[in-house]
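All chains, please: the whole structure from these sequences, using the hints.
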Amino acid sequence: MGLNDSKSTSSEVMGRLLSLTKPYRRYWIMAVASALIGVGMSLLIPVLIGDAINYVVGPGDVDFAAILPVLAWMGAAILVSSLFQWLMTYCTNKLSFYSIRDLRLQAFGKLQKVPLKYIDSNSHGDLIQAMVDDVDRISDGLLQGFTQLFTGVVTILGTLLFMLSINVTIALVVVVLTPLSFFVASFISRRTYSKFKEQSAIRGELTGFVEEMLGNQKVVKTFCYEDRAVEKFSAMNEQLNQVGVMAQFYSSLTNPCTRFVNGVVYAAVGIIGAVSAVRGNLNVGQLNSFLIYANQYTKPFNEISGVITELQAALAAARRVFSVIDQETEPSDYGLAEQVRCDGTVDIENVAFSYVPERPLIENLNLNIRAGERVAVVGPTGCGKTTIINLLMRFYDVDRGAIRLNGVDVREMKRKTLRSMYGMVLQETWLFRGTVRDNIKYGREDATEEEMVAAAKAAYAHNFIKRLPEGYETMITEDGGNLSAGQKQLLCIARVMLTRPPMLILDEATSNIDTLTEIRVQKAFEKLMEGRTSFVVAHRLSTIQESDCILVMDAGHIIEQGTHEELLAKGGFYADLYQSQFAVSR
Amino acid sequence: MIRLARYLKYFKKQVVIGPAFKLGEAVFELIVPLVMARIIDVGIRNQDTGYILRMGGLMVALGLMGLCFALICQYSAAKASQGVGTMLRDDLFRHLNQLSHGELDKIGTNSMITRVTNDVNQIQLAVAMLIRLVVRAPFLVVGAIIMSMMLDLKLSLIFLAVAPLVALVLYAVMSRSIPFYRVRQKRLDRISLITRENLSGVRVVRAFAKQQKEEERFEEANQELTDLVVRVGKLSAVLNPATFLIMNTAILLIIYFGGYRVLDGAMTQGEVYAMVNYMTQISLALVVVANLVVIFTKASASAARINEIFDIRPGMKEGELQPGQIRPVPGAPRIEFDHVSFAYPGGEKDSSKDALSDAVFSVRPGETLGIIGGTGSGKTTLVNLIPRFYEATKGQVLVDGIPVQDYSFKALRRQIGIVPQKAVLFYGTIRDNLRWGNEDAPQEVLEWAAKTAQAQDFIRQQNKGYDTLVLQGAKNFSGGQKQRLTIARALAAQPKILILDDSSSALDYATDARLRQALKDECRDMTVVIVSQRTSSIRHADQILVLDDGKIVGKGTHEELLKDCKEYREICESQESSGEEVK
Numbered sequence: 001m002g003l004n005d006s007k008s009t010s011s012e013v014m015g016r017l018l019s020l021t022k023p024y025r026r027y028w029i030m031a032v033a034s035a036l037i038g039v040g041m042s043l044l045i046p047v048l049i050g051d052a053i054n055y056v057v058g059p060g061d062v063d064f065a066a067i068l069p070v071l072a073w074m075g076a077a078i079l080v081s082s083l084f085q086w087l088m089t090y091c092t093n094k095l096s097f098y099s100i101r102d103l104r105l106q107a108f109g110k111l112q113k114v115p116l117k118y119i120d121s122n123s124h125g126d127l128i129q130a131m132v133d134d135v136d137r138i139s140d141g142l143l144q145g146f147t148q149l150f151t152g153v154v155t156i157l158g159t160l161l162f163m164l165s166i167n168v169t170i171a172l173v174v175v176v177l178t179p180l181s182f183f184v185a186s187f188i189s190r191r192t193y194s195k196f197k198e199q200s201a202i203r204g205e206l207t208g209f210v211e212e213m214l215g216n217q218k219v220v221k222t223f224c225y226e227d228r229a230v231e232k233f234s235a236m237n238e239q240l241n242q243v244g245v246m247a248q249f250y251s252s253l254t255n256p257c258t259r260f261v262n263g264v265v266y267a268a269v270g271i272i273g274a275v276s277a278v279r280g281n282l283n284v285g286q287l288n289s290f291l292i293y294a295n296q297y298t299k300p301f302n303e304i305s306g307v308i309t310e311l312q313a314a315l316a317a318a319r320r321v322f323s324v325i326d327q328e329t330e331p332s333d334y335g336l337a338e339q340v341r342c343d344g345t346v347d348i349e350n351v352a353f354s355y356v357p358e359r360p361l362i363e364n365l366n367l368n369i370r371a372g373e374r375v376a377v378v379g380p381t382g383c384g385k386t387t388i389i390n391l392l393m394r395f396y397d398v399d400r401g402a403i404r405l406n407g408v409d410v411r412e413m414k415r416k417t418l419r420s421m422y423g424m425v426l427q428e429t430w431l432f433r434g435t436v437r438d439n440i441k442y443g444r445e446d447a448t449e450e451e452m453v454a455a456a457k458a459a460y461a462h463n464f465i466k467r468l469p470e471g472y473e474t475m476i477t478e479d480g481g482n483l484s485a486g487q488k489q490l491l492c493i494a495r496v497m498l499t500r501p502p503m504l505i506l507d508e509a510t511s512n513i514d515t516l517t518e519i520r521v522q523k524a525f526e527k528l529m530e531g532r533t534s535f536v537v538a539h540r541l542s543t544i545q546e547s548d549c550i551l552v553m554d555a556g557h558i559i560e561q562g563t564h565e566e567l568l569a570k571g572g573f574y575a576d577l578y579q580s581q582f583a584v585s586r
Numbered sequence: 001m002i003r004l005a006r007y008l009k010y011f012k013k014q015v016v017i018g019p020a021f022k023l024g025e026a027v028f029e030l031i032v033p034l035v036m037a038r039i040i041d042v043g044i045r046n047q048d049t050g051y052i053l054r055m056g057g058l059m060v061a062l063g064l065m066g067l068c069f070a071l072i073c074q075y076s077a078a079k080a081s082q083g084v085g086t087m088l089r090d091d092l093f094r095h096l097n098q099l100s101h102g103e104l105d106k107i108g109t110n111s112m113i114t115r116v117t118n119d120v121n122q123i124q125l126a127v128a129m130l131i132r133l134v135v136r137a138p139f140l141v142v143g144a145i146i147m148s149m150m151l152d153l154k155l156s157l158i159f160l161a162v163a164p165l166v167a168l169v170l171y172a173v174m175s176r177s178i179p180f181y182r183v184r185q186k187r188l189d190r191i192s193l194i195t196r197e198n199l200s201g202v203r204v205v206r207a208f209a210k211q212q213k214e215e216e217r218f219e220e221a222n223q224e225l226t227d228l229v230v231r232v233g234k235l236s237a238v239l240n241p242a243t244f245l246i247m248n249t250a251i252l253l254i255i256y257f258g259g260y261r262v263l264d265g266a267m268t269q270g271e272v273y274a275m276v277n278y279m280t281q282i283s284l285a286l287v288v289v290a291n292l293v294v295i296f297t298k299a300s301a302s303a304a305r306i307n308e309i310f311d312i313r314p315g316m317k318e319g320e321l322q323p324g325q326i327r328p329v330p331g332a333p334r335i336e337f338d339h340v341s342f343a344y345p346g347g348e349k350d351s352s353k354d355a356l357s358d359a360v361f362s363v364r365p366g367e368t369l370g371i372i373g374g375t376g377s378g379k380t381t382l383v384n385l386i387p388r389f390y391e392a393t394k395g396q397v398l399v400d401g402i403p404v405q406d407y408s409f410k411a412l413r414r415q416i417g418i419v420p421q422k423a424v425l426f427y428g429t430i431r432d433n434l435r436w437g438n439e440d441a442p443q444e445v446l447e448w449a450a451k452t453a454q455a456q457d458f459i460r461q462q463n464k465g466y467d468t469l470v471l472q473g474a475k476n477f478s479g480g481q482k483q484r485l486t487i488a489r490a491l492a493a494q495p496k497i498l499i500l501d502d503s504s505s506a507l508d509y510a511t512d513a514r515l516r517q518a519l520k521d522e523c524r525d526m527t528v529v530i531v532s533q534r535t536s537s538i539r540h541a542d543q544i545l546v547l548d549d550g551k552i553v554g555k556g557t558h559e560e561l562l563k564d565c566k567e568y569r570e571i572c573e574s575q576e577s578s579g580e581e582v583k
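These protein sequence lines map, in sequence, to chains H and A. Its first residue numbered 1, the first sequence is counted upward by one per residue in full-length UniProt numbering. Its first residue numbered 1, the second sequence is counted upward by one per residue in full-length UniProt numbering.
I should point out that these hints are in silico values taken from the structure, not numbers from a laboratory. Please read these numbers as outputs of a predicted model, since none were measured by experiment. Using N, Cα and C, we set each Cβ at its ideal position, and we do this for glycine too. There is no bait here: all hints are sound.
Derived list of chain H stretches under chain A, where covered just means 3 residues or more per stretch with a C-beta under 8 Å from a C-beta of chain A:
no.	stretch
1	45-52
2	82-95
3	228-237
4	255-262
5	270-282
6	408-421
Restraint-style ranges between C-beta atoms, simulated for each label pair:
no.	chain 1	residue 1	chain 2	residue 2	range
7	A	K563	H	D399	55 to 65 Å
8	A	G465	H	E238	25 to 35 Å
9	H	A337	A	G465	50 to 60 Å
10	H	D399	A	G465	35 to 45 Å
11	A	R305	H	E473	28 to 38 Å
12	H	E412	A	A301	55 to 65 Å
13	H	P179	A	V42	28 to 38 Å
14	A	Q461	H	V356	18 to 28 Å
15	H	L336	A	A301	51 to 61 Å
16	A	G401	H	K570	52 to 62 Å
Next comes the structure, spelled out in structure tokens:
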């Protein structure tokens, strides 16, 4: 279920990533062809340089007639190579950016279709990271890294071919020596790995500490904890310094060491080549070509070791993204009833439900609600009142039993049909970044301006909206930061007012609304509930007393059920709750 | 960035040694092509195998020495950069801890955290690069040009033409693509915003069956991002082929004109080769320079953000009075507000916009003060002035008859226990957390505090009792438990003044009532300030302040206020009529 639980192998993940690029096959083909031509041509250049230098022997001995055609070829090779190098980058860019776009869209589309259970049980931060950072990392690491790997391999193979064609012995020397740098690099990186792990552990600890202390500076100041915080921080910081110096030093060894290996290869080619030249097995131009190749040949090896770490990070990222894409969607409601007549009668029959099979939650719930009745759900915070909402809206399916509207099982109608029958106002108000108008019209975009304003007026929101800097055009910032909690709730009520659903689900806010707005919200709720079947997660006695049925919940279970009078007479949990309230406030 | 250079002076040794040794390595690297040229010109021409071997040995020796030099440089770089980072982090954290609430509000928490972590890391990287590459890369460029000049002055003109040309291409591409990255970040932020909205609002989206529409919204943002990266991609795709083209054309020219020079006897074959080699070195070094430009652009932005923090001077001056030197004025009230007004900085100058205006009241030792009012009425603002988290803009706040400005922060705040609105606990054991206000509080005091705060029972139920670990964000405790622990924490310091800032909202009703009773019984000498939005929480207080829009509109007991204060009556009525809450 979690994002990191995927068990697919690296090659499977690679395969899937490649299949993502299928629609852009022509870019693929062009990129590969350009890489072959671009790299091939660039490899030809050292040979041509060598040829040309061969004709530059000494004073009075320079064969320009021979040099010029070589240089002409060289010029052509340079032009063709740079052109195709550009084409290759262009194609891989398009290829990777377009496939990444598709991947992101696919993942987002999946989030719209997964059962709510998935979204509820995964941290939103993780999911956002998968959608944003992980997809980015795939783009950077995998697709770009892949092209680097590809050109690297082509360069290595091409160089090898050219070297072999010039001189087999020296070519073999280079082949044997070069991977040394590869080994050196991996030897060092294995050594540094433990240091890095240590470093990131301390760094994580330090960041956590900073987040705690700076994020809660007011509490820190309240308790005069500043000095102690600085002291602790310094100690951790010093520890990070010690480990950091070693980690950085070890990791920075790779570059000089591989450079040293390259130097050795270069010297070896120089010595053996020169000796061969003395023996007449090689001319000076060929030696030059060889020396250039020796440099070129080792470079991709260094790059590849860097690319591999990036590839691994990208693969891990891809695995997380695919685990989102692989989630099962809600069962299709294709072919289910779209038109269902609804007068507000709801029957809950023998319903059982639990989030985790081992911990039964709701068992054998029966409830028959006639049109226009009001049901209050009551209980301490965290008692599972939202579970009822989840089942009514079919965000979760019941395990046993059935919920019927007008006698029709909710599983036999389209989700859209079912959900459009309810108007829902949650305690955690949800507004998106957009204008006030967009937010009110969210449920019915085709509503006219008059209808929209009428809804706002009915929800007691019109007045405060008028006072906003730009009225209905005011942009609501992220999380509605520019509105008070009560105002946000009024907007959400207006949104439901506009859709005029036959049934309602309301979640009363607990606190932190100022008194005046509170009264408005209360009135708006009352108006909304007129003549509609309503389910209210209630915190207010007045709401509760006027309900036709009260469900009392505790620790996820429905423990009592009945009218206010019935429950009081019963003398159970509800009566206790009511008495404790009554005793003190009167 | 220059201002932060002062940290380098603590690492003088490394700053000198590092680049010096790196230069040494670069010199060796520059000598290698010359040696190779000698092998070609002398060794091969004279058929002298011994010479070739000696020269070859020299090349390996140069490489080995280069390696040693490089290692010394890398170590210096690691030492200096990590050291600078550590000192900078230390100073930054210390500085942030000295700022007052008003200043911290201005910066914002997330921004503070990224500055202490990310921005310092950027500086750290820049210091490492400064030591490792800043001297080396330009030196290699200049060195290669000088070497080529020594080989042949006329031919080196090609070098003088090529280096600026490549630099120009680098500049042209980068100066255009770097601004794009900021835009790209913005578009990415939009993607993450839409994702976040859809996750937190999943129920609403599905309730209105808006999945299709949301996908379209996302697709649009996604396409915008793609269009942008494709555009940047097109631009930066030019970089490598262009430099490749320039460098190789230069090599072609070197061979062509070099041919003439050799023909004239001004150069040898090996020297032409050496020239070609220097050209390659220059191209590699220029790429490094380009990367350096990027790193330093980022670092200077980070440095500016860090300096911004250092530039904020703590606006509040601490008083002289240390704990133990306090002589309360006899007969003075414990807390006194003498015509106090307060406006948040950056707010409007108009005095009608004061968050608190002309507050006058006093509380005697042992009394309970209740403060009631809607959101934004100034309740929290008022209590924040008592421990001097903010400075009153007008008037005087006194504790025990002494102006709060005369106390040192420690002396003042150690007398005051505050339970904030948001229940915040810290990573550590329960005991650590309870001892926040008083490190040396004995176990009996902790237990007394826990018991009074109604936390004793659930602490005992934890399998490790007071040694139970509180995780980051106190994820392992419920809202109500957290709140009771924060109350216990405040009590454990045995303050003279206890401020409860709307801090029983997560408690169920019975616990809340028991808590208030326990406070009454156990803390007779404590002056208690209770801030609330509900009449039930404060109706029994000795004195109640009714706040509305920053003004005290009523002052007195519950009964008096019911009689005299219109606002108080309204609040009471609204809460009665809508029914008290059942929790």
